[in-house]
Amino acid sequence: MNRGNFSGAAGSKLEERDFEPLFRRNGAKIFALAVRLCGNPTDGEDLAQETFLTAYRRIGQFRGEADFGSWVYRICVNLWKNRVRYEKRRSFWKHISIFGADKGEDDPTPLEIADPKDVTDAPAEADERRRLVQQAMARLDPHERAALVLREVEDKTYEEIADLLDLPLGTVKSRIARARESMKEILRPSWGRRHERYHQRTVIGLPGQRPVGGGTGVGGPRPGFVP
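So in my numbering, the last spot in the sequence shown is 440, and the numbers never skip.
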(Lines of atoms letter the chains of each structure in order from A and count residues from 1; the text may use other names and numbers.)
(Lines give C-alpha, C1' and ligand atoms only; values in the text may rest on other atoms or scores of the structure.)
Protein backbone atom coordinates (compact mmCIF):
# COMPACT_ATOMS: atom_id res chain seq x y z
CA MET A 1 0.00 0.00 0.00
CA ASN A 2 1.20 3.50 -0.79
CA ARG A 3 0.92 5.03 2.64
CA GLY A 4 0.87 8.55 1.26
CA ASN A 5 -2.10 8.00 -1.04
CA PHE A 6 -4.13 4.98 -0.06
CA SER A 7 -6.05 3.56 -2.97
CA GLY A 8 -6.18 -0.13 -2.28
CA ALA A 9 -8.53 -2.70 -3.68
CA ALA A 10 -12.19 -2.44 -2.80
CA GLY A 11 -12.70 -3.96 0.61
CA SER A 12 -9.24 -3.01 1.91
CA LYS A 13 -9.43 -1.58 5.39
CA LEU A 14 -7.64 1.63 6.30
CA GLU A 15 -6.23 1.47 9.81
CA GLU A 16 -5.55 4.28 12.27
CA ARG A 17 -1.78 4.04 11.81
CA ASP A 18 -2.26 4.91 8.12
CA PHE A 19 -4.03 8.18 8.87
CA GLU A 20 -1.08 10.46 9.67
CA PRO A 21 0.76 10.11 6.33
CA LEU A 22 -2.53 10.48 4.47
CA PHE A 23 -3.29 13.62 6.46
CA ARG A 24 0.08 15.12 5.57
CA ARG A 25 -0.48 14.36 1.90
CA ASN A 26 -4.06 15.65 1.68
CA GLY A 27 -4.22 18.28 4.41
CA ALA A 28 -3.31 21.31 2.29
CA LYS A 29 -5.74 20.32 -0.47
CA ILE A 30 -8.64 19.87 1.93
CA PHE A 31 -7.82 23.11 3.74
CA ALA A 32 -7.89 25.01 0.42
CA LEU A 33 -11.26 23.48 -0.45
CA ALA A 34 -12.65 24.34 2.98
CA VAL A 35 -11.55 27.96 2.70
CA ARG A 36 -13.17 28.30 -0.72
CA LEU A 37 -16.41 26.80 0.50
CA CYS A 38 -16.53 28.91 3.67
CA GLY A 39 -15.14 32.08 2.15
CA ASN A 40 -12.52 32.90 4.77
CA PRO A 41 -9.51 31.21 6.44
CA THR A 42 -10.95 31.20 9.96
CA ASP A 43 -14.11 29.25 9.12
CA GLY A 44 -12.17 27.26 6.55
CA GLU A 45 -9.67 26.06 9.13
CA ASP A 46 -12.51 25.08 11.43
CA LEU A 47 -14.22 23.13 8.63
CA ALA A 48 -10.95 21.44 7.65
CA GLN A 49 -10.33 20.35 11.24
CA GLU A 50 -13.88 19.05 11.52
CA THR A 51 -13.41 17.21 8.23
CA PHE A 52 -10.29 15.36 9.34
CA LEU A 53 -11.71 14.65 12.78
CA THR A 54 -14.76 13.12 11.11
CA ALA A 55 -12.54 11.17 8.72
CA TYR A 56 -10.45 9.86 11.61
CA ARG A 57 -13.55 8.72 13.48
CA ARG A 58 -14.88 7.00 10.36
CA ILE A 59 -11.55 5.57 9.27
CA GLY A 60 -12.79 2.03 9.75
CA GLN A 61 -15.51 2.68 7.16
CA PHE A 62 -13.03 3.44 4.37
CA ARG A 63 -12.67 0.42 2.10
CA GLY A 64 -10.75 1.80 -0.86
CA GLU A 65 -13.59 2.01 -3.38
CA ALA A 66 -12.23 5.50 -4.15
CA ASP A 67 -8.94 7.10 -3.21
CA PHE A 68 -8.58 8.64 0.23
CA GLY A 69 -8.54 12.21 -1.10
CA SER A 70 -11.90 11.82 -2.83
CA TRP A 71 -13.37 10.22 0.28
CA VAL A 72 -12.28 13.16 2.45
CA TYR A 73 -13.44 15.64 -0.22
CA ARG A 74 -16.93 14.20 0.08
CA ILE A 75 -16.84 14.48 3.87
CA CYS A 76 -15.75 18.13 3.63
CA VAL A 77 -18.47 19.09 1.15
CA ASN A 78 -21.18 17.32 3.14
CA LEU A 79 -20.12 19.00 6.38
CA TRP A 80 -20.18 22.35 4.63
CA LYS A 81 -23.68 21.74 3.27
CA ASN A 82 -24.82 20.91 6.79
CA ARG A 83 -23.40 24.20 8.02
CA VAL A 84 -25.15 26.13 5.30
CA ARG A 85 -28.40 24.40 6.06
CA TYR A 86 -28.32 25.51 9.69
CA GLU A 87 -26.61 28.87 9.25
CA LYS A 88 -28.44 30.38 6.30
CA ARG A 89 -27.92 33.95 7.45
CA ARG A 90 -24.15 33.73 7.67
CA SER A 91 -22.08 35.05 4.81
CA PHE A 92 -19.60 32.41 3.75
CA TRP A 93 -18.28 34.30 0.74
CA LYS A 94 -15.83 37.05 1.67
CA HIS A 95 -13.03 36.04 -0.65
CA ILE A 96 -13.97 34.07 -3.73
CA SER A 97 -12.62 33.45 -7.18
CA ILE A 98 -14.76 31.63 -9.71
CA PHE A 99 -12.89 30.60 -12.82
CA GLY A 100 -14.11 30.20 -16.37
CA ALA A 101 -16.20 27.38 -17.72
CA ASP A 102 -15.48 25.48 -20.88
CA LYS A 103 -17.73 25.83 -23.89
CA GLY A 104 -19.24 22.57 -24.96
CA GLU A 105 -22.44 20.65 -25.23
CA ASP A 106 -22.88 20.90 -21.47
CA ASP A 107 -22.53 24.72 -21.55
CA PRO A 108 -25.17 25.80 -24.08
CA THR A 109 -25.61 29.43 -22.93
CA PRO A 110 -22.19 30.84 -22.08
CA LEU A 111 -21.91 34.36 -20.68
CA GLU A 112 -18.69 36.26 -20.15
CA ILE A 113 -19.38 38.29 -17.03
CA ALA A 114 -15.88 39.56 -16.42
CA ASP A 115 -14.10 40.44 -19.65
CA PRO A 116 -10.34 39.77 -19.46
CA LYS A 117 -9.83 43.21 -21.04
CA ASP A 118 -11.65 44.85 -18.13
CA VAL A 119 -9.58 43.55 -15.23
CA THR A 120 -7.63 46.79 -14.64
CA ASP A 121 -10.34 48.60 -12.68
CA ALA A 122 -9.53 51.21 -10.10
CA PRO A 123 -9.46 49.79 -6.54
CA ALA A 124 -12.87 51.25 -5.66
CA GLU A 125 -14.54 49.71 -8.71
CA ALA A 126 -12.73 46.43 -8.15
CA ASP A 127 -13.98 46.30 -4.58
CA GLU A 128 -17.52 47.03 -5.71
CA ARG A 129 -17.46 44.28 -8.32
CA ARG A 130 -16.03 41.86 -5.78
CA ARG A 131 -18.82 42.74 -3.36
CA LEU A 132 -21.46 42.14 -6.03
CA VAL A 133 -20.02 38.72 -6.85
CA GLN A 134 -19.90 37.83 -3.16
CA GLN A 135 -23.54 38.77 -2.73
CA ALA A 136 -24.55 36.83 -5.82
CA MET A 137 -22.75 33.70 -4.60
CA ALA A 138 -24.37 34.04 -1.19
CA ARG A 139 -27.81 33.94 -2.84
CA LEU A 140 -27.22 30.65 -4.65
CA ASP A 141 -28.78 27.46 -3.42
CA PRO A 142 -26.04 25.84 -1.27
CA HIS A 143 -26.19 22.58 -3.21
CA GLU A 144 -25.80 24.40 -6.51
CA ARG A 145 -23.02 26.52 -5.04
CA ALA A 146 -21.13 23.42 -3.88
CA ALA A 147 -21.33 21.94 -7.38
CA LEU A 148 -20.20 25.22 -8.93
CA VAL A 149 -17.23 25.50 -6.57
CA LEU A 150 -16.10 21.97 -7.34
CA ARG A 151 -16.42 22.60 -11.08
CA GLU A 152 -15.05 26.11 -11.49
CA VAL A 153 -12.68 26.48 -8.52
CA GLU A 154 -11.55 22.92 -7.91
CA ASP A 155 -11.57 22.15 -11.66
CA LYS A 156 -13.30 18.81 -11.17
CA THR A 157 -14.95 17.04 -14.08
CA TYR A 158 -18.69 16.44 -14.01
CA GLU A 159 -18.03 12.77 -13.38
CA GLU A 160 -15.77 13.53 -10.42
CA ILE A 161 -18.34 15.90 -8.92
CA ALA A 162 -21.05 13.28 -9.29
CA ASP A 163 -18.85 10.85 -7.39
CA LEU A 164 -17.95 13.36 -4.67
CA LEU A 165 -21.56 14.43 -4.08
CA ASP A 166 -23.14 11.02 -4.63
CA LEU A 167 -25.39 12.43 -7.33
CA PRO A 168 -26.43 11.32 -10.81
CA LEU A 169 -24.38 12.95 -13.56
CA GLY A 170 -27.44 14.69 -14.96
CA THR A 171 -28.22 16.26 -11.58
CA VAL A 172 -24.69 17.65 -11.33
CA LYS A 173 -24.90 19.19 -14.79
CA SER A 174 -28.29 20.74 -14.12
CA ARG A 175 -27.18 22.21 -10.78
CA ILE A 176 -24.12 23.80 -12.34
CA ALA A 177 -26.18 25.13 -15.24
CA ARG A 178 -28.72 26.64 -12.83
CA ALA A 179 -25.94 28.18 -10.74
CA ARG A 180 -24.36 29.80 -13.78
CA GLU A 181 -27.71 31.12 -14.97
CA SER A 182 -28.52 32.45 -11.50
CA MET A 183 -25.18 34.26 -11.33
CA LYS A 184 -25.85 35.81 -14.73
CA GLU A 185 -29.34 36.96 -13.77
CA ILE A 186 -28.28 38.32 -10.37
CA LEU A 187 -25.28 40.23 -11.69
CA ARG A 188 -26.78 41.61 -14.91
CA PRO A 189 -28.70 44.54 -13.35
CA SER A 190 -25.74 45.63 -11.24
CA TRP A 191 -22.94 45.27 -13.75
CA GLY A 192 -24.80 46.67 -16.71
CA ARG A 193 -24.71 45.93 -20.38
CA ARG A 194 -20.99 46.53 -20.82
CA HIS A 195 -20.25 43.36 -18.83
CA GLU A 196 -22.69 41.17 -20.76
CA ARG A 197 -20.60 39.80 -23.59
CA TYR A 198 -21.59 36.58 -25.25
CA HIS A 199 -18.55 34.67 -26.45
CA GLN A 200 -17.45 31.08 -26.76
CA ARG A 201 -16.26 31.09 -23.15
CA THR A 202 -17.84 31.73 -19.79
CA VAL A 203 -15.74 33.71 -17.33
CA ILE A 204 -16.85 34.60 -13.82
CA GLY A 205 -13.90 36.30 -12.17
CA LEU A 206 -12.85 38.96 -9.77
CA PRO A 207 -11.41 42.28 -10.97
CA GLY A 208 -7.84 43.23 -10.37
CA GLN A 209 -6.61 39.79 -11.38
CA ARG A 210 -4.57 38.84 -14.44
CA PRO A 211 -6.00 36.42 -17.01
CA VAL A 212 -4.06 33.21 -17.46
CA GLY A 213 -4.59 29.77 -18.95
CA GLY A 214 -6.88 27.82 -16.65
CA GLY A 215 -7.29 24.18 -15.75
CA THR A 216 -7.82 21.18 -17.91
CA GLY A 217 -11.39 20.17 -17.22
CA VAL A 218 -13.75 18.63 -19.76
CA GLY A 219 -13.21 20.33 -23.09
CA GLY A 220 -9.50 21.08 -22.61
CA PRO A 221 -7.74 24.19 -21.29
CA ARG A 222 -9.92 27.10 -20.33
CA PRO A 223 -9.14 30.70 -19.35
CA GLY A 224 -9.33 31.85 -15.78
CA PHE A 225 -8.19 34.44 -13.30
CA VAL A 226 -5.61 34.03 -10.56
CA PRO A 227 -4.29 36.57 -8.05
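Calculated from the structure, these hints are not laboratory results. Yeah, the Cβ is synthetic: ideal placement off N, Cα and C, and Gly gets one too. A couple of the hints might just be wrong.
[Said to hold, decoys possible] Capping the alpha-carbon separation at 35 angstroms, the derived lysine-lysine pairs in DSBU-like fashion look like this:
hint: 1; residue 1: Lys294; residue 2: Lys386
hint: 2; residue 1: Lys242; residue 2: Lys397
hint: 3; residue 1: Lys397; residue 2: Lys386
hint: 4; residue 1: Lys294; residue 2: Lys242
hint: 5; residue 1: Lys397; residue 2: Lys294
hint: 6; residue 1: Lys242; residue 2: Lys386
[Stated by the list, open to error] The following label-pair restraints were derived from C-beta to C-beta distances:
hint: 7; residue 1: Arg352; residue 2: Pro254; range: 18 to 28 angstroms
hint: 8; residue 1: Ala245; residue 2: Thr370; range: 28 to 38 angstroms
hint: 9; residue 1: Asp379; residue 2: Pro254; range: 43 to 53 angstroms
Just pull the numbers of the violated hints for me, sorted ascending. The structure conflicts with hints 8, 9, although it agrees with all the remaining ones.
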